[in-house]
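Let the sequences and hints guide you as you build the complete structure.
Number of protein chains: 2
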Amino acid sequence: MAERFTVTYFVRAADQAEAKARALDIALEQTVEIPRSVVPKGYVEDEILGRLEDMQNDPEGRAGYLATISYSEDDVGGDFLQFLNIVFGNSSIKPGLKVEDIGLSPGLLALCKGPRHGIAGLRARAGIGEEPLLMSAIKPVGLPTVALARLARDFALGGMHYVKDDHGLVDQKPAPFGERLKACVEAVGEANAKSGGRTSFVPNITGPATAIIERARQAQECGAGGVMLAPALAGYDVVRALAADPDFTLPIVSHPAFSGANVVSPDCGFSHRTFYGTLHRLMGADAVIYPNFGGRFGFTREECLSIAAACAVNMGGRKAIVPAPGGGMTVARVPEMRDAYGNDVMYLIGGALLQESRLTDACRRLVAAVHA
Amino acid sequence: MAERFTVTYFVRAADQAEAKARALDIALEQTVEIPRSVVPKGYVEDEILGRLEDMQNDPEGRAGYLATISYSEDDVGGDFLQFLNIVFGNSSIKPGLKVEDIGLSPGLLALCKGPRHGIAGLRARAGIGEEPLLMSAIKPVGLPTVALARLARDFALGGMHYVKDDHGLVDQKPAPFGERLKACVEAVGEANAKSGGRTSFVPNITGPATAIIERARQAQECGAGGVMLAPALAGYDVVRALAADPDFTLPIVSHPAFSGANVVSPDCGFSHRTFYGTLHRLMGADAVIYPNFGGRFGFTREECLSIAAACAVNMGGRKAIVPAPGGGMTVARVPEMRDAYGNDVMYLIGGALLQESRLTDACRRLVAAVHA
Chain A
1 MAERFTVTYF
11 VRAADQAEAK
21 ARALDIALEQ
31 TVEIPRSVVP
41 KGYVEDEILG
51 RLEDMQNDPE
61 GRAGYLATIS
71 YSEDDVGGDF
81 LQFLNIVFGN
91 SSIKPGLKVE
101 DIGLSPGLLA
111 LCKGPRHGIA
121 GLRARAGIGE
131 EPLLMSAIKP
141 VGLPTVALAR
151 LARDFALGGM
161 HYVKDDHGLV
171 DQKPAPFGER
181 LKACVEAVGE
191 ANAKSGGRTS
201 FVPNITGPAT
211 AIIERARQAQ
221 ECGAGGVMLA
231 PALAGYDVVR
241 ALAADPDFTL
251 PIVSHPAFSG
261 ANVVSPDCGF
271 SHRTFYGTLH
281 RLMGADAVIY
291 PNFGGRFGFT
301 REECLSIAAA
311 CAVNMGGRKA
321 IVPAPGGGMT
331 VARVPEMRDA
341 YGNDVMYLIG
351 GALLQESRLT
361 DACRRLVAAV
371 HA
Chain B
1 MAERFTVTYF
11 VRAADQAEAK
21 ARALDIALEQ
31 TVEIPRSVVP
41 KGYVEDEILG
51 RLEDMQNDPE
61 GRAGYLATIS
71 YSEDDVGGDF
81 LQFLNIVFGN
91 SSIKPGLKVE
101 DIGLSPGLLA
111 LCKGPRHGIA
121 GLRARAGIGE
131 EPLLMSAIKP
141 VGLPTVALAR
151 LARDFALGGM
161 HYVKDDHGLV
171 DQKPAPFGER
181 LKACVEAVGE
191 ANAKSGGRTS
201 FVPNITGPAT
211 AIIERARQAQ
221 ECGAGGVMLA
231 PALAGYDVVR
241 ALAADPDFTL
251 PIVSHPAFSG
261 ANVVSPDCGF
271 SHRTFYGTLH
281 RLMGADAVIY
291 PNFGGRFGFT
301 REECLSIAAA
311 CAVNMGGRKA
321 IVPAPGGGMT
331 VARVPEMRDA
341 YGNDVMYLIG
351 GALLQESRLT
361 DACRRLVAAV
371 HA
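Protein chains in written order, with full-length UniProt numbering: chain A, 1 to 372; chain B, 1 to 372.
Don't read these hints as lab results, they were simulated from the structure. Fair warning: there could be bad hints in the mix.
What the hints assert, rightly or not - If you anchor each label on the Cβ, the simulated ranges turn out as follows:
id: 1; chain 1: A; residue 1: Arg364; chain 2: B; residue 2: Val38; range: 44 to 52 Å
id: 2; chain 1: A; residue 1: Gln56; chain 2: B; residue 2: Val38; range: 34 to 42 Å
id: 3; chain 1: A; residue 1: Ala14; chain 2: B; residue 2: Gly342; range: 33 to 41 Å
id: 4; chain 1: A; residue 1: Val146; chain 2: B; residue 2: Arg198; range: 28 to 36 Å
id: 5; chain 1: A; residue 1: Ala332; chain 2: B; residue 2: Ala21; range: 34 to 42 Å
id: 6; chain 1: B; residue 1: Arg217; chain 2: A; residue 2: Ala368; range: 50 to 58 Å
id: 7; chain 1: A; residue 1: Thr249; chain 2: B; residue 2: Arg217; range: 44 to 52 Å
id: 8; chain 1: A; residue 1: Gly342; chain 2: B; residue 2: Lys41; range: 35 to 43 Å
Even glycine gets a Cβ: it sits at the ideal position worked out from N, Cα and C.
Now the structure itself:
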């Protein structure tokens, strides 16, 4: 028999009998997808069919139960997307089900080597110790390359460790991908030469399916210090493929664009910690961007801290990654964020800095506040 | 000035003033993602910034309004994922927003050539006129190749037009992708030779990011009659890339695995018609699988018919595609489905047929019922 991994689902139900029926339905739906009466005896029934391992009252007091189902590594077939499909493929379409937690197994850990760099690698590249990291973004879309490169330079002079593309920058005419990449890498390099800093430029490589891997290689050849992509748009196996590619060595930053429906409803999708924490770390993202509490989005402090915890919790020796909360952050909120996250965090602040008349000075004040 | 496309959002709000504030926030969030006060004058403000074009009371009586925002084709940059990012990238993370409809523009239609075959091409391949199509699936995962190929043969002998892999079949040991593909294409070919039918085998090519395109080519070379993949797992640009590839000529069937959170909550994601209809047709899927009303899932009859309508409505000359409702369908429900969908539908029935002792006979009864 192969090893089994587990998925714990919140199952909305009026009583335990209904919850059990729904849980047994998940076990069928996610594996054999045929009526229980015709599941073939032997290997399919004994190994492939999901197994209800545990039922609990919901500790959070929601109107339902927690059901833990185990699945065979044989069903995964060495395929990360099939792993996700087993976790929640068809059941994602049934309201009142939510993936709360995933219990990993040796075969899953062998399939998912996790991040190449993690938070330690991102700090080493930035030349800092166990302090918070800082990242900002050049924007908006529509500015010409020269203006974006000037922003990249100013962020670097101001002491940001990573300067990324806005996630809406792809290959638009005012700043085509290759031209922008080259100009920003050069601008950041000149700033580093002047300041003695070690800022990295991180282009957005989310793009046509046939171009993403090529843009990642181009970024590496051009001297970028990382790449960013949005898994919910580009596909959930692209980060894993890049992180496992022996010829690709840059850190990977994940952006949450288009992922919202997977977490914001209490009635479907994933818990915040599992989606932005566990899954992104398994994929091999080194930094995971998500909306911080108290900004323009609705995540709670507890949800954000659960993501940060999942980025660092023991996971079969996989490296810890860095939570990168953003979305309307300001310098004034640094003390509150420090109090919440401690040092193992990447401050992602963009728009607020761009409101300041002297960008480099504004960055320096931010860096000072973070390191205070 | 470039042409503009529009997105109509349902915006949950207590009153029109709140809805307008939220809508203006979407217009910023989805384009420039910086505070309104620092949006650069000229091209960025005049062209790139989203524009609130219309606000209406919600015709469905929900607690909110419909806001229509226009966006510039310049912002898309010829990139389908950036189009999706503009439509709902960051705003997907804000509860109480739902994409209701998308108003296309010439540049979007130029970017998205749509399906190569559509429902007419799928019928031509099956050798039928304007009748309903029938599709079934070989399963479960865990069966050896020989058993799956036998099922494919029996489905073909029974008169199903398309026989697809279960979406959980990838490259597992009991039935590796290449071996299964070859055996099923052969089994279906032998059945066709015997029956005079024209059944096509459709393998599931959802898989590692670095293997999907290769598996699509392998399917074509091996004589498959289509490919199936799950865009919500594999990424939303893969279907478009395949449909636009001059060297790839097979029909593409889309599977809804992992897409549920994008539609099931009333408080986030997309309307059913936009997600499974408009977007899949833009991508270039020829058939779109979704859960039928009255089966194991919770879609309503109206939601399902709105998908079917979006598959066929006039869309800048793009071919009509076929809705493929499935998920617990039975022969007994054929009259109800015929009443709902008419002839422009692909009946997807799998598990119910597998419960019958003589599969080929069960298929023939289904075909007779559909064509009655």
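### Task
Take a look at whether the Cβ-Cβ distance between A:Arg364 and B:Val38 falls inside 44 to 52 Å.
The hint (44 to 52 Å, Cβ to Cβ) is violated, given that A:Arg364 and B:Val38 are roughly 19 Å apart.
### Query
CB of A:Thr249 to CB of B:Arg217, is that within 44 to 52 Å?
Given range 44 to 52 Å: violated, Cβ gap about 29 Å.
### Task
Could you check the hint for me, namely that B:Arg217 and A:Ala368 are 50 to 58 Å apart, CB to CB?
56 Å, holds
### Query
That 28 to 36 Å hint for A:Val146 and B:Arg198 (C-beta), does it hold up?
59 Å, violated
### B:Val38 and A:Gln56 - C-beta distance against the hinted 34 to 42 Å
50 Å, violated
### Query
Quick one: are A:Ala14 and B:Gly342 within 33 to 41 Å, going by C-beta?
Distance hint for A:Ala14, B:Gly342 holds at roughly 38 Å.
### Task
Using the Cβ atoms, figure out if A:Ala332 sits within 34 to 42 Å of B:Ala21.
About 22 Å separates the Cβ atoms of A:Ala332 and B:Ala21, which means 34 to 42 Å is violated.
### Message
Quick check on a hinted range of 35 to 43 Å for A:Gly342 and B:Lys41, using CB atoms only.
### Response
41 Å, holds
Comparing the model with each earlier hint shows violations of hints 1, 2, 4, 5, 7; every other hint is respected.
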